[in-house]
Amino acid sequence: MRRIVIALLLAAVTARAEVAPESTGSVETLGPPQPHWVWTADLLLQRSALMDLDGGRMLGIINGGYGTIMPLFARTRPEIYVPATYYSRGTHGTRTDVVEIYDPTTLGLVGEVEIPPKRATNAVALGHAALSDDDRFLAVFNWTTGTSLSIVDLAARRFAGEISLPGCSLTYAAGNRRFLSLCADGAAFVLTLDEQGNEASRVLTKPFFDPKVDPVTEKAVRVGSTWLFVSFDGIIHPVDLSGPEPSFGPTWSLFNADERAEKWRIGGMQHLAVHRGTKRLYALVHRGERDTHKEPGEEVWVYDLADGRRLQRVALVNPGFTIYGFPIAFGGVGGRLFDWLMDSFAPPLVGFITVTQDDAPLLVTSSQFSGSLGVYDARSGAFRGRVGPTGFTSDVLQAPWGGAAP
Amino acid sequence: MRRIVIALLLAAVTARAEVAPESTGSVETLGPPQPHWVWTADLLLQRSALMDLDGGRMLGIINGGYGTIMPLFARTRPEIYVPATYYSRGTHGTRTDVVEIYDPTTLGLVGEVEIPPKRATNAVALGHAALSDDDRFLAVFNWTTGTSLSIVDLAARRFAGEISLPGCSLTYAAGNRRFLSLCADGAAFVLTLDEQGNEASRVLTKPFFDPKVDPVTEKAVRVGSTWLFVSFDGIIHPVDLSGPEPSFGPTWSLFNADERAEKWRIGGMQHLAVHRGTKRLYALVHRGERDTHKEPGEEVWVYDLADGRRLQRVALVNPGFTIYGFPIAFGGVGGRLFDWLMDSFAPPLVGFITVTQDDAPLLVTSSQFSGSLGVYDARSGAFRGRVGPTGFTSDVLQAPWGGAAP
Amino acid sequence: MTSRLDDWVDRLTRQVARRTSRRGLLARLAALTVGAAAVPLLPVSRARGASRAPIPGEPDPSTAAGNPSECEYWRHCAIDGFLCSCCGGSQRACPPGTEQSPVTWIGTCRNPADGKDYIISYNDCCGKHICGLCFCHRNEGDKPIYFPPRSNDINWCYGVSTVVYHCSTAIVLGLATETKS
Amino acid sequence: MTSRLDDWVDRLTRQVARRTSRRGLLARLAALTVGAAAVPLLPVSRARGASRAPIPGEPDPSTAAGNPSECEYWRHCAIDGFLCSCCGGSQRACPPGTEQSPVTWIGTCRNPADGKDYIISYNDCCGKHICGLCFCHRNEGDKPIYFPPRSNDINWCYGVSTVVYHCSTAIVLGLATETKS
Numbered sequence: 001m002r003r004i005v006i007a008l009l010l011a012a013v014t015a016r017a018e019v020a021p022e023s024t025g026s027v028e029t030l031g032p033p034q035p036h037w038v039w040t041a042d043l044l045l046q047r048s049a050l051m052d053l054d055g056g057r058m059l060g061i062i063n064g065g066y067g068t069i070m071p072l073f074a075r076t077r078p079e080i081y082v083p084a085t086y087y088s089r090g091t092h093g094t095r096t097d098v099v100e101i102y103d104p105t106t107l108g109l110v111g112e113v114e115i116p117p118k119r120a121t122n123a124v125a126l127g128h129a130a131l132s133d134d135d136r137f138l139a140v141f142n143w144t145t146g147t148s149l150s151i152v153d154l155a156a157r158r159f160a161g162e163i164s165l166p167g168c169s170l171t172y173a174a175g176n177r178r179f180l181s182l183c184a185d186g187a188a189f190v191l192t193l194d195e196q197g198n199e200a201s202r203v204l205t206k207p208f209f210d211p212k213v214d215p216v217t218e219k220a221v222r223v224g225s226t227w228l229f230v231s232f233d234g235i236i237h238p239v240d241l242s243g244p245e246p247s248f249g250p251t252w253s254l255f256n257a258d259e260r261a262e263k264w265r266i267g268g269m270q271h272l273a274v275h276r277g278t279k280r281l282y283a284l285v286h287r288g289e290r291d292t293h294k295e296p297g298e299e300v301w302v303y304d305l306a307d308g309r310r311l312q313r314v315a316l317v318n319p320g321f322t323i324y325g326f327p328i329a330f331g332g333v334g335g336r337l338f339d340w341l342m343d344s345f346a347p348p349l350v351g352f353i354t355v356t357q358d359d360a361p362l363l364v365t366s367s368q369f370s371g372s373l374g375v376y377d378a379r380s381g382a383f384r385g386r387v388g389p390t391g392f393t394s395d396v397l398q399a400p401w402g403g404a405a406p
Numbered sequence: 001m002r003r004i005v006i007a008l009l010l011a012a013v014t015a016r017a018e019v020a021p022e023s024t025g026s027v028e029t030l031g032p033p034q035p036h037w038v039w040t041a042d043l044l045l046q047r048s049a050l051m052d053l054d055g056g057r058m059l060g061i062i063n064g065g066y067g068t069i070m071p072l073f074a075r076t077r078p079e080i081y082v083p084a085t086y087y088s089r090g091t092h093g094t095r096t097d098v099v100e101i102y103d104p105t106t107l108g109l110v111g112e113v114e115i116p117p118k119r120a121t122n123a124v125a126l127g128h129a130a131l132s133d134d135d136r137f138l139a140v141f142n143w144t145t146g147t148s149l150s151i152v153d154l155a156a157r158r159f160a161g162e163i164s165l166p167g168c169s170l171t172y173a174a175g176n177r178r179f180l181s182l183c184a185d186g187a188a189f190v191l192t193l194d195e196q197g198n199e200a201s202r203v204l205t206k207p208f209f210d211p212k213v214d215p216v217t218e219k220a221v222r223v224g225s226t227w228l229f230v231s232f233d234g235i236i237h238p239v240d241l242s243g244p245e246p247s248f249g250p251t252w253s254l255f256n257a258d259e260r261a262e263k264w265r266i267g268g269m270q271h272l273a274v275h276r277g278t279k280r281l282y283a284l285v286h287r288g289e290r291d292t293h294k295e296p297g298e299e300v301w302v303y304d305l306a307d308g309r310r311l312q313r314v315a316l317v318n319p320g321f322t323i324y325g326f327p328i329a330f331g332g333v334g335g336r337l338f339d340w341l342m343d344s345f346a347p348p349l350v351g352f353i354t355v356t357q358d359d360a361p362l363l364v365t366s367s368q369f370s371g372s373l374g375v376y377d378a379r380s381g382a383f384r385g386r387v388g389p390t391g392f393t394s395d396v397l398q399a400p401w402g403g404a405a406p
Numbered sequence: 001m002t003s004r005l006d007d008w009v010d011r012l013t014r015q016v017a018r019r020t021s022r023r024g025l026l027a028r029l030a031a032l033t034v035g036a037a038a039v040p041l042l043p044v045s046r047a048r049g050a051s052r053a054p055i056p057g058e059p060d061p062s063t064a065a066g067n068p069s070e071c072e073y074w075r076h077c078a079i080d081g082f083l084c085s086c087c088g089g090s091q092r093a094c095p096p097g098t099e100q101s102p103v104t105w106i107g108t109c110r111n112p113a114d115g116k117d118y119i120i121s122y123n124d125c126c127g128k129h130i131c132g133l134c135f136c137h138r139n140e141g142d143k144p145i146y147f148p149p150r151s152n153d154i155n156w157c158y159g160v161s162t163v164v165y166h167c168s169t170a171i172v173l174g175l176a177t178e179t180k181s
Numbered sequence: 001m002t003s004r005l006d007d008w009v010d011r012l013t014r015q016v017a018r019r020t021s022r023r024g025l026l027a028r029l030a031a032l033t034v035g036a037a038a039v040p041l042l043p044v045s046r047a048r049g050a051s052r053a054p055i056p057g058e059p060d061p062s063t064a065a066g067n068p069s070e071c072e073y074w075r076h077c078a079i080d081g082f083l084c085s086c087c088g089g090s091q092r093a094c095p096p097g098t099e100q101s102p103v104t105w106i107g108t109c110r111n112p113a114d115g116k117d118y119i120i121s122y123n124d125c126c127g128k129h130i131c132g133l134c135f136c137h138r139n140e141g142d143k144p145i146y147f148p149p150r151s152n153d154i155n156w157c158y159g160v161s162t163v164v165y166h167c168s169t170a171i172v173l174g175l176a177t178e179t180k181s
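Residue numbers (the working numbering), protein chains in the order written: chain A, 1 to 406; chain B, 1 to 406; chain C, 1 to 181; chain D, 1 to 181.
For the record, the hints were derived by calculation from the structure and aren't laboratory data.
The C-beta atom is built at its ideal place from N, Cα and C for all residues, glycine as well.
Treat the hints with care, since some could be wrong.
As the list claims (entries may be wrong) - Some chain C residues near chain B, calculated using beta-carbon distances under 10 Å: (1) Thr63; (2) Cys84; (3) Ile119.
Work the whole structure out from these sequences, hints included.
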């Protein structure tokens with residue numbers, strides 16, 4: 001080590017045209033959140049990564065624990081919430097569930113709230129936690145063969161209590177105190193909280209769909225106080241939570257008779273997105289038989305929510321393929337050739353879509369094994385290119401920042 | 001659910017030619033350990049997997065924690081020991097280091113001994129923990145920029161104490177109470193324990209090699225009371241621990257002048273293996289420049305330890321390539337064609353080798369990204385085929401069972 | 001994990017420097033095809049599973065429909081996970097050191113050997129990290145998470161020590177009384 | 001992780017069933033080449049890193065030797081890990097939310113811009129799980145673990161909250177007094 005010390009002393013005096021000695025210990029921080037910053041989860045690396053779609057680079061990551069990883073983003077305070085499950089010995093030992101609180105500028109952990117070790121660790125991220133519009137309460141869906149919600153008071157950073165669900169599952173928020181769940185018979189369950197996060201009232205409706213005939217998926221999107229659920233057969237079921245009792249808007253179909261004959265179906269693990277400013281619905285579709293409701297999509301169909309009219313069909317390309325984080329592609333001429341072949345011949349295999357909420361919105365796609373994103377102009381549908389690698393695998397996409405409020 | 005219950009009742013009476021109803025809840029157990037059962041670590045899946053080389057199948061796994069995973073296998077009692085590091089929140093929180101104890105028949109956890117949270121989590125598994133010949137004491141190498149050993153009394157299942165190392169690292173056992181470490185100046189440090197696992201005596205030798213000129217690697221093998229270290233340039237340094245003071249046997253070279261001219265070098269992350277019965281040394285070699293001491297090997301050279309004569313050169317094939325656990329290969333005719341192409345044209349890229357200790361010994365190889373094993377007859381060098389997939393990636397190989405004692 | 005993963009990826013990186021030129025053509029060839037073909041390509045060959053005596057009433061074990069290590073095994077029509085037959089267990093038993101969940105989801109699968117529909121229970125084996133081999137996901141009759149008895153997206157590791165999922169079995173409970181809808 | 005991993009692998013599995021026949025030829029083509037070529041193939045393209053102003057005295061950032069997101073960047077001659085420049089940091093700074101280890105190993109790398117040798121400090125960034133991008137492992141002057149100041153196999157995440165490794169920086173400490181041995 002002595003020679004190194006000497007080197008430093010010498011460097012101090014001799015450094016001129018040379019590269020100047022640098023200091024250690026610096027850590028990047030992020031500027032204000034941008035609309036084109038998108039989070040993409042990676043379950044193999046147990047994280048969600050923040051990608052800058054304009055800069056085409058990774059900005060940082062937040063790790064999660066066992067099971068699904070889907071951060072929730074406060075609008076009224078600079079905080080990100082990650083429900084997480086841990087075992088004291090990794091795969092065994094004592095289980096601890098927490099809601100971890102991160103700072104969106106430093107991506108550093110700033111707090112945690114312990115919750116009952118009952119959090120559901122299912123294969124779907126969507127509908128498993130919900131944040132009230134005023135960021136006061138977080139509801140976490142619990143699955144222990146029985147179902148319940150853990151309510152966290154985020155202002156006080158305390159566990160407010162557990163509320164049982166009557167044979168219902170999942171949680172979707174609308175407004176400041178209202179949370180929706182779906183029941184096994186096709187009914188809706190609406191829970192209203194009081195100011196302490198305890199149950200103020202509950203409503204269990206009659207079934208609004210038949211799960212045995214044509215179930216709605218868990219992958220719903222929200223417009224204002226209305227949640228839009230889509231069924232395996234492509235029927236949109238609006239559920240309005242503005243009143244104490246939910247109201248079920250008129251249903252409408254993504255597909256006409258001819259399209260059904262062509263076997264167009266909804267598919268993938270995150271198959272709906274909404275641009276709130278233009279009130280457009282984006283649906284990930286493919287041609288397939290019955291029971292292909294989780295198969296990846298080949299096109300995104302765009303609808304006007306005002307009248308359910310389809311505005312556009314966007315043919316998708318493969319979002320890119322990586323192996324253990326290494327993108328399979330070329331630079332230079334070979335790169336353009338490879339991209340052309342990928343665009344032309346690779347199956348799109350899109351499993352996840354989302355849309356940014358700004359006035360120049362982007363449609364973002366990923367495949368679960370891609371570790372890479374496909375980016376499109378959400379208005380024209382034009383393919384803008386790929387951004388990646390994002391990690392080893394891809395999961396739920398989130399564009400939480402910018403644009404109109406829900 | 002009702003229809004299911006009915007179905008069961010009916011099945012009970014109608015089942016005849018049909019597949020008979022089966023019971024739930026059964027779990028496999030293993031028979032007595034076999035010489036051709038080999039453990040292969042997978043750091044992406046944080047485990048070591050037990051593969052039956054004859055049956056060509058996985059028998060089970062043992063998980064580890066953060067960092068390297070290398071189980072240690074008792075000879076005198078049915079126990080497997082896994083030094084492991086955990087954080088209470090996965091990537092953060094409180095650190096806990098333990099030695100976990102598994103039953104080799106059930107692969108179930110049967111106990112743990114907590115040790116100081118100082119265990120080294122380096123990129124090399126070998127030399128980081130050592131078991132005394134009588135299975136009484138386990139030494140775990142600690143790295144906290146300073147170095148020490150954590151001694152575990154395995155008979156009492158208690159932490160016996162921490163013993164500091166004087167600027168030395170790693171640990172290699174020989175006999176019942178003696179542990180060897182290597183020092184930064186090329187000296188050897190030998191620790192002798194008393195019956196309580198405390199330090200009985202220590203010996204710090206003069207340097208037996210020059211780390212600045214030609215360092216020995218951490219990837220040593222043991223024959224009797226002698227550890228064989230190999231240097232970057234292929235010089236074998238025997239260190240005999242049979243006496244209270246280590247003795248340094250005559251060094252010899254894996255390569256003659258012509259072979260050096262051809263730039264043959266040792267390489268890979270586990271590049272030595274010994275068959276104790278026939279006293280043969282297996283060395284993983286490649287052609288490369290200086291600083292290629294971790295590059296994968298293309299051949300295994302076999303030596304007679306009695307006279308250092310080279311008996312054979314074994315040209316290696318690629319152990320097989322998997323992506324996220326899916327082997328890239330074909331069945332049937334395409335499979336044979338693919339295998340032929342793999343054998344003929346794929347770079348061997350072997351990073352790890354070991355040899356089984358029975359009288360029909362097998363030479364086993366893996367690449368760190370292969371998730372698959374290459375198997376050879378260790379006597380003839382004939383390639384017997386590939387066994388896999390073993391997981392997503394491959395790491396240190398261990399063939400702990402059968403054959404002569406060390 | 002990191003360091004070792006490093007060293008594993010290292011093999012890739014190092015080889016590039018040495019082989020890109022030499023194998024440039026081969027690399028290009030692979031690049032052009034893998035993007036489109038890697039997906040269908042990967043699972044073409046599968047881990048060799050346990051070789052066990054044929055079960056009375058089942059298809060010939062030499063066929064995919066009769067081989068518990070194949071995704072096409074007749075019992076797997078609604079499975080979602082790694083096949084325990086490839087992980088040290090079987091279609092009926094968990095691998096060593098894991099626990100079998102007593103609660104799970106149900107599938108109704110047709111046995112090509114007798115043309116009859118059977119109730120299949122996909123009990124998860126739990127307590128060790130994912131097996132990672134012989135992944136198989138088929139969704140015949142699969143329903144969303146709010147309809148638990150038919151949902152294969154639910155982590156069914158309950159009633160056991162941990163919710164950590166390792167692999168899935170496919171156990172015959174008996175004949176279905178109704179043919180498949 | 002399991003379930004989601006399932007669903008991700010699911011895409012592979014499902015596609016096989018649908019495409020094996022259709023893309024059989026393509027698959028075969030890829031299979032024959034990927035085994036030999038996948039390794040050199042993979043890292044040919046890399047994540048786009050931070051675009052920053054050139055550092056005085058360094059090679060042209062448009063060249064690999066001057067690009068902190070490339071393994072060939074001149075400072076990386078003894079690095080072992082993921083390049084922080086691809087992970088939200090830079091060659092000098094850690095990504096958001098990580099901590100930079102104050103202790104580390106040292107390399108001596110020649111700067112092609114001035115032909116001089118510099119002492120490079122590869123401080124690890126710690127506290128988050130591996131970045132996974134832009135892996136780079138070069139061993140110029142690397143020594144075994146018992147020679148810590150020159151060993152890149154040591155996990156250098158010490159003097160920080162956790163030993164969990166995320167990525168590595170490459171910081172110029174100054175000119176080396178001796179030219180590289």
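Structure-based check of all given hints:
| no. | hint | in the structure |
| --- | --- | --- |
| 1 | Thr63 | violated (13 Å) |
| 2 | Cys84 | holds (9 Å) |
| 3 | Ile119 | holds (5 Å) |
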